[in-house]
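Peer 1: Next come the chains, spelled out residue by residue.
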Amino acid sequence: MAGEEKGVAKRDEGLERAPSLIDENPEERVIRALIDDFPSAIADFKKLKKGVVRAMIERRELYKACKMLRDKLGFEHISMISAVEYDAKFEIVYHITSYQHQLLLELITSTPKDDLSVDSVSSIWGGANWQEREAYDLMGVKFNNHPKLERILLPKDYLYHPLRKDFKG
Amino acid sequence: MAEMWINMGPQHPMTHGLWNLRIKVDGETIVDAEPEVGYLHRGIEKLCEDRTYTQIIPIADRLCYGASLAWSHLYCMTVEDLMGIEVPERAEYIRVAALEMQRIASHLMWLAAYAADLGAMIGFIYSMRDREVFIDILQALSGSRITYNFPRIGGVAHDVYPTFERDTLRACGYMEKKLKEYEDLYEGSKVFMMRNEGVGVLKKQDAMNLGVTGPSLRASGVKYDIRKDMPYSVYPEIDFEPATHPDCDCYSRFKVRMDEMYQSCRIIRQAVAKMPKGKWRVLAPRNGPVGTGIGRVEDPRGEGMMYVVGNGTDRPYRLKIRSPIFVSVSAAPKMLIGYKVADVVAIMGGLDMCIGETDR
Numbered sequence: 034m035a036g037e038e039k040g041v042a043k044r045d046e047g048l049e050r051a052p053s054l055i056d057e058n059p060e061e062r063v064i065r066a067l068i069d070d071f072p073s074a075i076a077d078f079k080k081l082k083k084g085v086v087r088a089m090i091e092r093r094e095l096y097k098a099c100k101m102l103r104d105k106l107g108f109e110h111i112s113m114i115s116a117v118e119y120d121a122k123f124e125i126v127y128h129i130t131s132y133q134h135q136l137l138l139e140l141i142t143s144t145p146k147d148d149l150s151v152d153s154v155s156s157i158w159g160g161a162n163w164q165e166r167e168a169y170d171l172m173g174v175k176f177n178n179h180p181k182l183e184r185i186l187l188p189k190d191y192l193y194h195p196l197r198k199d200f201k202g
Numbered sequence: 003m004a005e006m007w008i009n010m011g012p013q014h015p016m017t018h019g020l021w022n023l024r025i026k027v028d029g030e031t032i033v034d035a036e037p038e039v040g041y042l043h044r045g046i047e048k049l050c051e052d053r054t055y056t057q058i059i060p061i062a063d064r065l066c067y068g069a070s071l072a073w074s075h076l077y078c079m080t081v082e083d084l085m086g087i088e089v090p091e092r093a094e095y096i097r098v099a100a101l102e103m104q105r106i107a108s109h110l111m112w113l114a115a116y117a118a119d120l121g122a123m124i125g126f127i128y129s130m131r132d133r134e135v136f137i138d139i140l141q142a143l144s145g146s147r148i149t150y151n152f153p154r155i156g157g158v159a160h161d162v163y164p165t166f167e168r169d170t171l172r173a174c175g176y177m178e179k180k181l182k183e184y185e186d187l188y189e190g191s192k193v194f195m196m197r198n199e200g201v202g203v204l205k206k207q208d209a210m211n212l213g214v215t216g217p218s219l220r221a222s223g224v225k226y227d228i229r230k231d232m233p234y235s236v237y238p239e240i241d242f243e244p245a246t247h248p249d250c251d252c253y254s255r256f257k258v259r260m261d262e263m264y265q266s267c268r269i270i271r272q273a274v275a276k277m278p279k280g281k282w283r284v285l286a287p288r289n290g291p292v293g294t295g296i297g298r299v300e301d302p303r304g305e306g307m308m309y310v311v312g313n314g315t316d317r318p319y320r321l322k323i324r325s326p327i328f329v330s331v332s333a334a335p336k337m338l339i340g341y342k343v344a345d346v347v348a349i350m351g352g353l354d355m356c357i358g359e360t361d362r
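Chains as they are written, first to last, in the numbering used here: chain A, 34 to 202; chain B, 3 to 362.
Just so you know, the hints here were simulated from the structure itself, not pulled from any lab data.
Yeah, the Cβ is synthetic: ideal placement off N, Cα and C, and Gly gets one too.
Don't take each hint at face value.
[Claimed, not checked] Under the rule of at most 30 Å between Cα atoms (straight-line distance), these lysine-lysine pairs were calculated in the BS3-like manner: (1) Lys189(A) / Lys48(B); (2) Lys97(A) / Lys336(B); (3) Lys83(A) / Lys276(B); (4) Lys105(A) / Lys205(B); (5) Lys342(B) / Lys181(A); (6) Lys336(B) / Lys175(A); (7) Lys279(B) / Lys82(A); (8) Lys189(A) / Lys336(B); (9) Lys230(B) / Lys100(A); (10) Lys82(A) / Lys230(B); (11) Lys82(A) / Lys276(B); (12) Lys189(A) / Lys26(B); (13) Lys181(A) / Lys26(B); (14) Lys205(B) / Lys181(A); (15) Lys281(B) / Lys82(A); (16) Lys79(A) / Lys276(B); (17) Lys205(B) / Lys97(A); (18) Lys230(B) / Lys83(A); (19) Lys79(A) / Lys26(B); (20) Lys175(A) / Lys48(B); (21) Lys279(B) / Lys201(A); (22) Lys279(B) / Lys181(A).
[To be verified] Derived contacts from chain A toward chain B, CB cut-off under 8 Å, selection only: (23) Val117; (24) Val126; (25) Ser156; (26) Gln164; (27) Gly173; (28) Asn178; (29) Glu183; (30) Leu186; (31) Leu187; (32) Tyr191; (33) His194.
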C-alpha cells in the first residue's frame, strides 16, 4: 500500500530523462493523468491554491475515476462527501486527500433531480460508507451498490430529507 | 456458545455522550459491532442556512464542547476562503496560540475520561485540575470558559490582554513538568499498561482506508498532520514535529496524545515569542460572494473540514461540516472484533469521542 513515504514519487530513476514541469507539480500530474484516462468525462480543471485542485466529472465515470485515483495516483483518503441542492440538480462534492503527495482534490459530480443517484465509492474508501449514508439521510441522494444505505442520524421511520430546500421545519 | 447482541449505551459510563455501541458477543469475545449515533442531532447545517455569516460563529462553537475554539476558527477560516480575506499576521499568531491551548485542554479532558475509564481515578482529578490552567487563560482572553466565540471573520475579537505572554509561558512550563509526572504515573501503572498494550490494533492500511484521522491515524504509524503537510494559518513558520507511534494499539494512541501536548507547548512558546505588533482584525463584508470555500484544520480529534457555498447574500447557501469522529467511529468494528468485552472501554475511549460534532 502506498503512502509510507512522503514527497513526490521516485524521481531519480533514469537520469537521462528530461526534467519536466509535470513531475515537479503534483497538481499538474493529477490533472494530466485524469485527462488521459477520462478525456470526455472530466472538465473544468482549476488549481484553487497550493495543493488543492478542482475538477468536474460526469457521474457515469465517477466510480472508475475514483478507483484510479486510489490505485494509481495515491489518493488514500476520502475527506468529505457533501451534497448540495440547486434548482434543477444536485451536486455531490468529493474531497479526496493524498497523504503521500499532500494534495486535496475537489471532485464535483452532478445528478438530475428526477434520477437522484450516483455510484457508491464506499468499496474503494471505507471512510465513505457513513458519509454516504449521511448524504442519503439528510439529502435523499441514492448511492448505487452501497452495502447498507439506511438512515444514520435521524430515526429509521422518519419521512423527510431535512436538508432539502423545500423542507421547512 | 450462543451469540448475543449487547447494547452499551446510550446510557452507559463508557460512552461519554449520548451514543450507542451494539456489540455481538460470543462468550466474552466480540464478534461484531455496530455503533449507532444520532441521538444529539441538532440540525446545525440546516440552522446555518438561515443565519448570517457572523451569527454562525457562536453556533460553530457549539459543535464540540471540548474543543470549541477549533470549530469556530475552522468556520472563520472557511468563510475567509470564500470571501478572499487576508487575516492580519498578529491575529494568526493569537489564533495559533489559543488553538494550541485549546488542544491541550481538549487532550487533558480526554485523558481525564480515559484514565477514569481504566480505573485510574486519580488521573481524572489531576487532568481536570491542570486543564483549568489553560481554561483560565482562554477565559481571560475571550471572556468565557467553554464556548469562546473568539475568532472573527477576518481576525480575532480583540487583542491579547497585557499579561498574556507571562501567563502562557508560565502555564507551558507548568504543563511540561506535569506531563512528565503523568507519564510516570500511567506508564508505571501495571493495570493501565495491561489494558492498553496490544489492545485495539488498527493496521496502517485499515486506518487510512477507513478514514480515521488525527491522533488515531498517527498512532497507526502514518505521519500525516495537516498543520505540517497542508499548512494553514502561520504553522509553516513554527517549528514542531508531529507525534507518531508505530504500535497501532491503544497505548500508541495514548502516547501520541501525550506527545502532542509537549508539541503544543512548543508551538505556544514560539507563537507568543514571534507575535508581531499590528492589527488583529480586518473588517469583513456583510455579504459573501457567489462561490465556494473550503477550510481544513487539524482539530484535536482529527481532520475537521468545512465546505461553504455562497450565493451572494449574507447567509450561506449550504454549509457542510466534516466531523472527524463521525468517520472514525465507523472504523470501530475493525478495532473491536476479536477482543474481549472488557477491552471496549479502552478501545472506544482511545478514540476521544465527542458527540456534539459527530451528530451536529
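Peer 1: Each hint needs a verdict: does it hold in this structure or not?
Peer 2: Hint check:
1. Lys189(A) / Lys48(B): Between lysine 189(A) and lysine 48(B) the Cα gap is close to 19 Å, so the pair holds against 30 Å.
2. Lys97(A) / Lys336(B): With a Cα-Cα distance of about 26 Å, the restraint between lysine 97(A) and lysine 336(B) holds, given a limit of 30 Å.
3. Lys83(A) / Lys276(B): Holds, because 25 Å separates the two Cα atoms, which is no more than 30 Å.
4. Lys105(A) / Lys205(B): 21 Å, holds
5. Lys342(B) / Lys181(A): Holds - the C-alpha atoms of lysine 181(A) and lysine 342(B) are around 26 Å apart, at most 30 Å.
6. Lys336(B) / Lys175(A): Given pair lysine 336(B), lysine 175(A) holds - Cα atoms ~26 Å apart, limit 30 Å.
7. Lys279(B) / Lys82(A): The hint holds at about 28 Å.
8. Lys189(A) / Lys336(B): Measuring from Cα to Cα gives roughly 24 Å; hence the hint holds.
9. Lys230(B) / Lys100(A): 27 Å, holds
10. Lys82(A) / Lys230(B): Holds. Lysine 82(A) to lysine 230(B) sits at ~16 Å (cutoff 30 Å).
11. Lys82(A) / Lys276(B): 26 Å, holds
12. Lys189(A) / Lys26(B): 21 Å, holds
13. Lys181(A) / Lys26(B): Holds, at about 18 Å.
14. Lys205(B) / Lys181(A): 24 Å, holds
15. Lys281(B) / Lys82(A): 25 Å, holds
16. Lys79(A) / Lys276(B): Judged against 30 Å, a Cα distance of about 35 Å means the pair is violated.
17. Lys205(B) / Lys97(A): OK: lysine 205(B) and lysine 97(A) at ~26 Å, within 30 Å.
18. Lys230(B) / Lys83(A): This hinted pair holds, its Cα atoms lying about 14 Å apart.
19. Lys79(A) / Lys26(B): With a Cα-Cα distance of about 48 Å, the restraint between lysine 79(A) and lysine 26(B) is violated, given a limit of 30 Å.
20. Lys175(A) / Lys48(B): Given pair lysine 175(A), lysine 48(B) holds - Cα atoms ~20 Å apart, limit 30 Å.
21. Lys279(B) / Lys201(A): 48 Å, violated
22. Lys279(B) / Lys181(A): 55 Å, violated
23. Val117: Holds. Min distance 5 Å.
24. Val126: 6 Å, holds
25. Ser156: 10 Å, violated
26. Gln164: 7 Å, holds
27. Gly173: 14 Å, violated
28. Asn178: 17 Å, violated
29. Glu183: 11 Å, violated
30. Leu186: 4 Å, holds
31. Leu187: Holds: closest Cβ of chain B sits about 6 Å from leucine 187(A), inside 8 Å.
32. Tyr191: It is violated, given that the least Cβ distance between tyrosine 191(A) and chain B is near 10 Å, above 8 Å.
33. His194: 11 Å, violated
When the structure is compared with the earlier hints, violations turn up for hints 16, 19, 21, 22, 25, 27, 28, 29, 32 and 33 and for no others.
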